[in-house]
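Colleague: Sequence:
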Amino acid sequence: MKTEVTGDRVTLAEIAEETGSSLSTISKVLNGRADVSKATRERIEHALHDRGYVRRGAGRSESRPELLELVFHGLDSIWSMELIGGVEAVAKEHGLSVVLTVSGDRHAPDPDWIDGVIRRRPVGVVLVFSEISPEYRERLRARGISFVIVDPAGDPSPDVPSVGSANWSGGLAATRHLIELGHRRIATITGPEDMMCSLARLDGFRSAMNSAGLPVDPAWVRFGTFEIAGGRDRARELLALPADLRPTAIFAGSDMQALGTLDAAREAGLAVPHDLSIVGYDDISLAPWVSPPLTTVHQPLRRMGEEAARLAIRLSDEQPETTPRMDLATNLVVRESTAPPAE
1 MKTEVTGDRV
11 TLAEIAEETG
21 SSLSTISKVL
31 NGRADVSKAT
41 RERIEHALHD
51 RGYVRRGAGR
61 SESRPELLEL
71 VFHGLDSIWS
81 MELIGGVEAV
91 AKEHGLSVVL
101 TVSGDRHAPD
111 PDWIDGVIRR
121 RPVGVVLVFS
131 EISPEYRERL
141 RARGISFVIV
151 DPAGDPSPDV
161 PSVGSANWSG
171 GLAATRHLIE
181 LGHRRIATIT
191 GPEDMMCSLA
201 RLDGFRSAMN
211 SAGLPVDPAW
221 VRFGTFEIAG
231 GRDRARELLA
241 LPADLRPTAI
251 FAGSDMQALG
261 TLDAAREAGL
271 AVPHDLSIVG
281 YDDISLAPWV
291 SPPLTTVHQP
301 LRRMGEEAAR
311 LAIRLSDEQP
321 ETTPRMDLAT
331 NLVVRESTAP
341 PAE
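In my numbering, the protein residues as written are 1 to 343.
Where hints are given, some of them may not hold.
[Unchecked claim] Between beta-carbon pairs, the in silico distance windows are:
no.: 1; residue 1: Pro111; residue 2: Ala240; range: 39 to 49 Å
no.: 2; residue 1: Ser291; residue 2: Arg137; range: 19 to 29 Å
no.: 3; residue 1: Ala39; residue 2: Ser285; range: 43 to 53 Å
no.: 4; residue 1: Arg236; residue 2: Asp115; range: 18 to 28 Å
What the hints contain is simulated information worked out from the structure, not anything from laboratory work. All C-beta atoms, glycine included, are put in the ideal place defined by N, C-alpha and C.
With the hints as constraints, model all of the structure from the sequences given.
Modeller: Below is the structure:
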């Protein structure tokens, strides 16, 4: 049970006595200074959290900068821009400015990003396509900085708030559409094997195929990055299969992969959708403008950004009894990149 305190001076004195640290060391930890050992920092952060230094309602103090931090691994796709637009819209409603931070490689993020967040002391943090370690969660909570993950990379810890979408349903709808058109040799290109959204879309694909009594040849399932190059490379492999194994339709796990698949089809001399049907995922702003316009699963990216921002702001003012989780609905948007098979 957390101890309610009457003021920062008393709280810091109690923390200093409990941890055997000086007030200056505690101040360094609170301000994100790097010149404190990891063991000392963790001991102080645990004490701050356990003793209730961050009290309910303390998140939006007058001295705190009016910032909302948005953390990406990279900013090199249209997908990112959709989310940014949603976060910025909500931040503006609340009189907040948005700070963009790039944390680097998903598997080995630059540890400096968390130090920067702590120095800036934003109202909240929205992390995209990410995971957050127990250490980083503790550091943010000890300072009253709320956080929310959008489209978590893995299965988030039960105490991590998140906003995602119905990935399984999206994969199911995309594959059922192709089956209803008459396709039987359907392949899928999905994202990295260690990402929850990739596996959920793949599970939806498998469920649709199994329900229709159609086999899923292992050769028809390919993993790659969610980028154009990832889609193009995996599609080249699929289109190089022997004629009796070559798919007549491909469900791509992202629109960027679908654009790469379109490139591979052109290289192979195939007409889309006459020779090959393609379904994407995300419904990015470019999807209606490619040739042919892309059939895709609409993922409400902008709204995901909006809801994550609202949640981060709300959590800065209150601590709900249960961890908020939100999965938004997806829907299929049929355009001109799919048609019945020619054979």
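Colleague: The structure should be examined with respect to each hint, and the outcome stated for every one.
Modeller: Here is what the structure says about each hint:
Our hint of 39 to 49 Å for Pro111 and Ala240 holds, since their Cβ atoms are close to 42 Å apart. Between Ser291 and Arg137 the C-beta distance comes to about 46 Å, which lies outside the given range of 19 to 29 Å. Between Ala39 and Ser285 the beta carbons are some 48 Å apart, a value that agrees with the proposed interval 43 to 53 Å. Distance hint check for Arg236 and Asp115: the Cβ-Cβ separation is about 42 Å, which falls outside the suggested range of 18 to 28 Å.
Hint compliance for this structure: hints 2, 4 are not met, and every other hint is.
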